[in-house]
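There are 2 protein chains.
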Amino acid sequence: DHFIVCGFGRVGRETCQQLQAENQPFVVIDNEDQRVQRIGEAGYLCVRGDASDDEMLKRAGIMRARALLTAVQTDAVNVYITLSARALNPQLFIVARAATAEAEHKLSIAGANRVISPYILGGRSMAGHALRPAVMDLLDVLVHSDELEIWLEEMAIRADSWLNGMTLGDAQLRQTTGITVLAVRRADGQMIVSPKDDTLLRVGDTVIVLGARSDLEKADRPR
Amino acid sequence: DHFIVCGFGRVGRETCQQLQAENQPFVVIDNEDQRVQRIGEAGYLCVRGDASDDEMLKRAGIMRARALLTAVQTDAVNVYITLSARALNPQLFIVARAATAEAEHKLSIAGANRVISPYILGGRSMAGHALRPAVMDLLDVLVHSDELEIWLEEMAIRADSWLNGMTLGDAQLRQTTGITVLAVRRADGQMIVSPKDDTLLRVGDTVIVLGARSDLEKADRPR
Ligand SMILES: [Ca+2]
Ligand SMILES: [Ca+2]
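Just so you know, the sequences run in chain order A and B.
Just so we're aligned, residue 774 is where the first sequence starts under my numbering, counting upward by one.
Just so we're aligned, residue 774 is where the second sequence starts under my numbering, counting upward by one.
Keep in mind that the hints were calculated from the coordinates and are not lab data.
Glycine included, every Cβ here is placed at the ideal spot set by N, Cα and C.
Hints may contain errors.
To be verified - Keeping only pairs whose Cα atoms sit at most 27 Å apart, straight-line, the calculated DSSO-like set for lysine-lysine is:
hint : chain 1 : residue 1 : chain 2 : residue 2
1    : A       : K969      : A       : K991
2    : B       : K991      : B       : K969
3    : A       : K879      : A       : K831
4    : B       : K969      : A       : K969
5    : B       : K831      : B       : K879
6    : B       : K879      : A       : K969
7    : A       : K991      : B       : K969
Claimed, not checked - If you want the footprint, here are the derived chain A segments under chain B, 3+ residues with CB under 8 Å:
hint : region
8    : 810-817
9    : 821-834
10   : 846-854
11   : 860-872
12   : 883-893
13   : 939-945
14   : 970-984
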């Protein structure tokens with residue numbers, strides 16, 4: 774139930790910092806001297822070797838991992854790692870970094886569940902900050918872990934969830950807990966943004982909410 | 774009232790695509806043959822030359838621009854462009870790209886209003902998708918312009934705004950327009966996330982809302 778991070782470059786390092794900030798267990802795979810030293814200095818668990826080698830993925834615990842995040846610098850190697858990881862563990866959640874637009878599609882075919890392009894994110898963020906600075910400032914605050922006690926979180930509706938079978942109007946989350954429901958994602962992936970009060974919650978739905986951390990914990994418990 | 778984009782590399786190109794998708798006027802400054810050709814092929818306005826040269830910034834209309842976005846590949850050049858632009862136009866909104874963590878602070882000192890680090894965004898996004906895929910999927914949808922008719926938007930409260938002097942409870946935005954208020958940013962920068970009904974809106978506040986584009990237009994008009 775841990776995370777595996779492949780590559781401790783600039784992107785990989787930031788990935789690890791975020792996991793660390795949320796007290797998530799993870800192990801880093803890298804084979805370059807200086808980066809391996811930095812991993813040790815940061816106090817992170819390290820498997821020294823080539824992440825495209827099945828043996829190293831197994832040593833990092835791929836068979837029981839929650840997710841693999843591959844952030845090495847070359848697209849070809851990220852594709853190769855993704856293919857290897859998918860073959861070893863068909864259930865694994867894989868997030869892969871793409872340096873080029875062309876690689877995005879290849880990484881999906883190789884088995885990545887999500888593909889992240891830092892340059893595209895960077896360009897979108899620059900335009901976003903120029904067009905809507907207050908919105909982007911809010912997102913920056915919400916997506917970082919350590920600045921506010923306010924949080925964007927997701928709640929899965931399970932068979933035994935108190936929200937299962939209720940409408941949002943019945944649940945009265947805003948009034949009773951102070952949290953705001955932003956969206957409901959259905960089991961088939963459909964996203965209902967700013968959902969209406971008559972939206973019925975069912976098993977397999979994911980409710981995306983905004984609120985103080987303590988309020989979110991309240992919302993996840995039956996009243 | 775246009776935007777100036779310096780550098781048409783991977784980040785600059787994506788920045789332009791976003792501005793184009795929202796029908797915003799902009800001009801690109803670049804001095805490299807192949808990139809200048811690509812700017813022309815995309816049908817964008819181009820000033821051919823070195824963006825760290827005051828003359829080129831003036832030719833791109835820096836004195837009357839709404840914002841400058843500097844996305845060249847070297848931090849030193851982005852710092853230089855930021856300094857030059859700030860000296861020419863003290864009112865300009867400047868968004869600068871940083872390649873390294875060390876450059877972030879320097880760009881702020883040089884006069885950038887916002888500093889964007891693609892590698893840091895990439896790492897945060899990777900960890901975010903592994904930890905909270907539904908939340909990140911929602912943000913991806915909301916921050917891109919073309920996928921949904923749902924939108925994160927900001928409304929400035931001006932002296933003549935119908936919302937000026939009202940509480941959120943009085944305004945009843947959810948009930949009357951279907952939009953959701955996520956936060957209120959005060960004039961001093963304080964961000965009130967998931968604000969309560971008794972939050973009073975005043976001149977200088979910015980209300981950050983989520984909703985369908987047609988509903989947002991309604992919300993900005995007095996009833
Ligand atoms: Ca936060
Ligand atoms: Ca959108």
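Status of each hint after checking the structure:
The suggested pairing of K969 of chain A with K991 of chain A holds, with an alpha-carbon distance near 22 Å, which does not exceed 27 Å. For the suggested pair K991 of chain B and K969 of chain B, the alpha carbons sit about 22 Å apart, so the restraint of at most 27 Å is met. The suggested pairing of K879 of chain A with K831 of chain A holds, with an alpha-carbon distance near 24 Å, which does not exceed 27 Å. Using a Cα cut-off of 27 Å, the hinted pair K969 of chain B and K969 of chain A holds, with the two alpha carbons roughly 19 Å apart.
This hinted pair checks out: K831 of chain B and K879 of chain B have alpha carbons roughly 24 Å apart, not beyond 27 Å. Distance restraint check for K879 of chain B and K969 of chain A: the Cα-Cα separation of roughly 46 Å exceeds the 27 Å cut-off, and the hinted pair is therefore not satisfied. Between the alpha carbons of K991 of chain A and K969 of chain B the distance comes to roughly 17 Å, so the proposed pair stays at or under 27 Å and holds. Evaluation of the coverage hint for the region 810-817 of chain A: breached, as 0 residues show C-beta separations to chain B shorter than 8 Å, against a requirement of three.
Here's how the region 821-834 of chain A fares: 0 of its residues keep a CB closer than 8 Å to some CB of chain B, so the rule of at least three is not met and the hint is violated. With 0 residues having a Cβ less than 8 Å from any Cβ of chain B, the region 846-854 of chain A misses the three-residue criterion, and the hint is violated. For the region 860-872 of chain A, the proposed coverage by chain B is satisfied: 3 residues have a C-beta within less than 8 Å of a C-beta in that chain, meeting the threshold of three. Check result for the region 883-893 of chain A against chain B: holds, 7 residues qualifying (beta carbon to beta carbon below 8 Å, three or more required).
By the rule of at least three residues with a Cβ nearer than 8 Å to a Cβ of chain B, the coverage given for the region 939-945 of chain A is violated, with 0 such residues. Evaluation of the coverage hint for the region 970-984 of chain A: fulfilled, as 4 residues show C-beta separations to chain B shorter than 8 Å, against a requirement of three.
Hint check: violations occur at hints 6, 8, 9, 10, 13; the rest are consistent with the structure.
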